[in-house]
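Asker: Okay, here's what each chain looks like letter by letter:
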Amino acid sequence: MSGTILENLSGRKLSILVSSLLLCQVACFLLGGLYAPLPAGHQTVLGTKCRDDPSRQNDSSFFLYSRGAGACNPVQLDEIEDDPLKMANQLVYVFQMPLPRNNRVLDYSRWQQNLIGVLQVDIAYVSSSELSEPPKDLQLTIEARLAYRNNEDGDKDWKLYANSVEHRYLDCHPSHVHAKETLYSCDIIPLFELGALHHNFYLLNLRFPMDSPRQINMQVGHMHDLTLTAIYQNGGFTQVWLLLKALLFPFVVGIMIWFWRRVHILQRSPALLEYMLLYLGGALSFLNLPLEYLTLGVEMPYMLLLSDVRQGIFYAMLLSFWLVFAGEHMLIQDSPNKSTIRSRYWKHLSAVVVGCISLFVFDICERGVQLRNPFYSIWTTPLGAKVAMSFIVLAGASAAVYFLFLCFMVWKVFKDIGDKRTSLPSMSQARRLHYEGLIYRFKFLMLATLLCAGLTVAGFIMGQMAEGHWQWNEEIEIQLTSAFLTGVYGMWNVYIFALLILYAPSHKQWPTMHQRDETTQSNENIVASAASEEIEFSHLPSDSNPSEISSLTSFARKVAFD
Amino acid sequence: MDLSYIFIVCLLALCSADAESKQKSGRGRGSMWWGIAKVGEPNNISPISTGIMYIDPAIHSTLRRKQRRLVRDNPGVLGALVKGANLAISECQHQFRNRRWNCSTRNFLRGKNLFGKIVDRGCRETGFIYAITSAAVTHSIARACSEGSIESCTCDYSHQTRSPQANHQAGSVAGVRDWEWGGCSDNIGFGFKFSREFVDTGERGRNLREKMNLHNNEAGRAHVQAEMRQECKCHGMSGSCTVKTCWMRLANFRVIGDNLKARFDGATRVQVTNSLRQSSNAVPVVSPNAASANNIVGGVSNANGNGLPSSVNGYDDEERMLNDHMPELLLENSHGNSKQHHPNMPSPNSLPVVGARARGHGRGRQGRKHNRYHFQLNPLNPEHKPPGPKDIVYLEPSPSFCEKNLRQGILGTHGRQCNDTSLGVDGCDLMCCGRGYRTQEVVVVERCACTFHWCCEVKCKLCRTKKIIHTCL
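Chain order of the listed sequences is A and D.
Under the UniProt record's numbering, the first sequence has 183 at position 183, and the numbering climbs by one with no breaks.
Under the UniProt record's numbering, the second sequence has 67 at position 67, and the numbering climbs by one with no breaks.
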């Protein structure tokens, strides 16, 4: 036997397979486009100002809330304006989520997965005071307490979820300039990220302590409006997404088992590329595994981190696979031994490893710490932002190095193929078929990969550009953002599914090989015996453990020998 | 065409006793609601106490029947309206503190207009009052929605396909499913819709004055819309922008007041055009909008009872309708920044108010109501540009506001403070209309040099400063 399924598949069968995979791809796109809602929803909550209870200011089990029995009596704006001190140190900003809508009290569902809070601050500076405009690095100190409550609890039963004193830097620009007072609206600041939306209601109490000896919040002018935007994943999107994952998972696992059995039927140990394909399938299955279903029952705040890690592993595996695939098709190789990751590719893969590790460290610093303190963000301090930025720059640089290197390798393979192609017509039919097959295999993957990568990039760009939905006609409306997300996800599944099928070892025989009874021989030897007129070929040091893929290599070496 | 044009010119030229007496009843029609600013003590208003407030007889005398129904059907809205009216008054007084007319309000009396008789004249000041009150209601309702004090605010379902499961279930269960499925993004459009329904109630656009009021009300809302800004947050893998969420941010009302004041300074004096006469009493011209009017009725009436699914038909048309009303606005916004269009604006849901009543009104009424926003006002001076949707329009020149004239509702500038160094309207020469002014020295005691300690101690010194105050004779 020799070659992979791809070379031996007839054009008809291949087109049937490819078109059915394309149909799956379109189905994934339409599932997101027609069925799923937007990936994320948001509610903008305006802070209700409540008068603090001075005796319980340090009591972290004390909460003020704006709706329900025992809610605080909101302080009106003019009351604050009339106060000469603008009620400094007396106010608590209360945000109760979610807001009621359509005459219903809404509550968060566990399908909504996660909650991200972003704060918008409007401040004013009175011209008569000594500080009439914000300083350059305006630091805001926030005492934040997050509480939760469930449906079965009473209106008062808020329980502390997290509390922290946080510092944020504000970047403000004037929105209204006047001789008496200047208003500034500030850029949004990230406030918290909850990896698990486990409870029904959340409550945020913010205090802005002012302290002269410690210089806390003394440079922040008069606080006007505070708006919190709470972003959550839409439940419908989660359902569609998990459905997609749950549907894809058994298929990919099944095809992996089929692939591995097929490799094991051979009388040789699996080649590096076969290992790589299997790892790739494993990484994809890990990504597909619909672990998120567990969040419906168990509180898993590490879900955001875990999904980042799963995606990271998958991308790292995919990038490594491309590199190894290109490397295995290099026509001039340094050592004749069987390639392993350690012996040949550690240099090539170091870019991937460095990039992934730096992204992982960044993620641990951001989302890992958020497990302990949801208000934490590495971006909020200048030092942290520099560290985070350096990790990202490092990852970006290694990505650039990787792609340059990959392009170089691919270019080299193509150049070699182009050079050696001229010698093909002079060969025997069996060999020519074999090598043409190898070249075809490589080109096929190149084409498929370029197509997928291009579509991914285009998909994300379109997802950014196309705001919301796109009307096909009166009835059909396509939710583009979701469609691109599910489409891209489905596409990589289809891509790897196709690789596992098409690059599995074939059981078909070469036409010329039927005369000989050497099916158990390794592929190199078959080729050598089929091309017996070229004696030099058999003199070449044959691989102890040859694979069908490295036959191109030996062909190349042989041509070089000529 | 020509005949009617001449007729209008004559009407304008005559603009005197005859027309005045006829229109008198209709003038303040839509403006009585301003009186709710004085309902109760604003400081005591909280979302919970709305039930008590509703009994206040002042509400009964200030609000029209439809407005009362809107208040009744949207619990919590009254507090926002009171806040909005007070916001408009304080903003107006802030913007006009240096002018002869300082937006003074009279002690509220039953059956009298809050801003006094000045509203009876179609002058610039009146136009400004209409614009700023309508803007303030829009702003205040939108704020109250995001504060959670109005429970009937609607969700923005415009970007969402409903789950098929939800269609099979009725009432609130479907609503809960909808929220779980597609969330409930903000809908600032509720503020705009409510403002239209509430503020524009009495203005049917029949005569020129009502058209002026309608135009200025729309202008106020347009300014609120134009000042909305988009904010975005990326929250994809590791915080990358593979997933991005954007929302609209309302501007501070002071900014809207500034813009309206600028439009006040450049306000356009208008007259009636030919098209106005045609559209006001003739059959509505066949247009996509006229055709859609009927669908809106369906959408509105269904939205209350059956939950969302049935209102779908109406919503596209309504969206178009809103777009038609503010076409230049939307264009203007997309000019500056192509990403900055307002996804929230053309909101799909109708107010849950009209209920069964809307069914009874039938097509004709709805059609007319719908068309009342479709008119073009032409500038009196043909060389001027026709007023845009954000411009303030007026009909007659303002009085000088110098002398007290209670018959016209003018308080005069006696006793007003002025600035002796300024050459502008706030300068003592212009403000006091040449009557001269009195200079006083006043000692002001203020808290100063405060020190704060967390928690919760504040120590201040008392500072005395001398101030010189000029007041008009």
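Check the hints yourself; a few may be wrong.
[Stated by the list, open to error] Restricting the straight-line Cα-Cα distance to at most 35 Å, the calculated cross-link-like pairs of lysine-lysine (DSBU-like) are: (1) A:K245 / D:K467; (2) A:K420 / A:K347; (3) A:K420 / A:K245; (4) D:K244 / A:K245; (5) D:K467 / A:K136; (6) D:K467 / A:K180.
[To be verified] Derived list of chain A stretches under chain D, where covered just means 3 residues or more per stretch with a C-beta under 8 Å from a C-beta of chain D: (7) 17 to 29; (8) 84 to 91.
Simulated from the structure, these hints should not be mistaken for laboratory data.
For each residue, glycine too, the CB sits at the ideal point set by N, CA and C.
Asker: It remains to establish, for every hint, whether it holds in the given structure.
Answerer: Checked hints:
no., hint, in the structure
1, A:K245 / D:K467, "violated, 74 Å"
2, A:K420 / A:K347, "holds, 27 Å"
3, A:K420 / A:K245, "violated, 44 Å"
4, D:K244 / A:K245, "holds, 22 Å"
5, D:K467 / A:K136, "holds, 33 Å"
6, D:K467 / A:K180, "holds, 16 Å"
7, 17 to 29, "violated (count 0)"
8, 84 to 91, "holds (count 5)"
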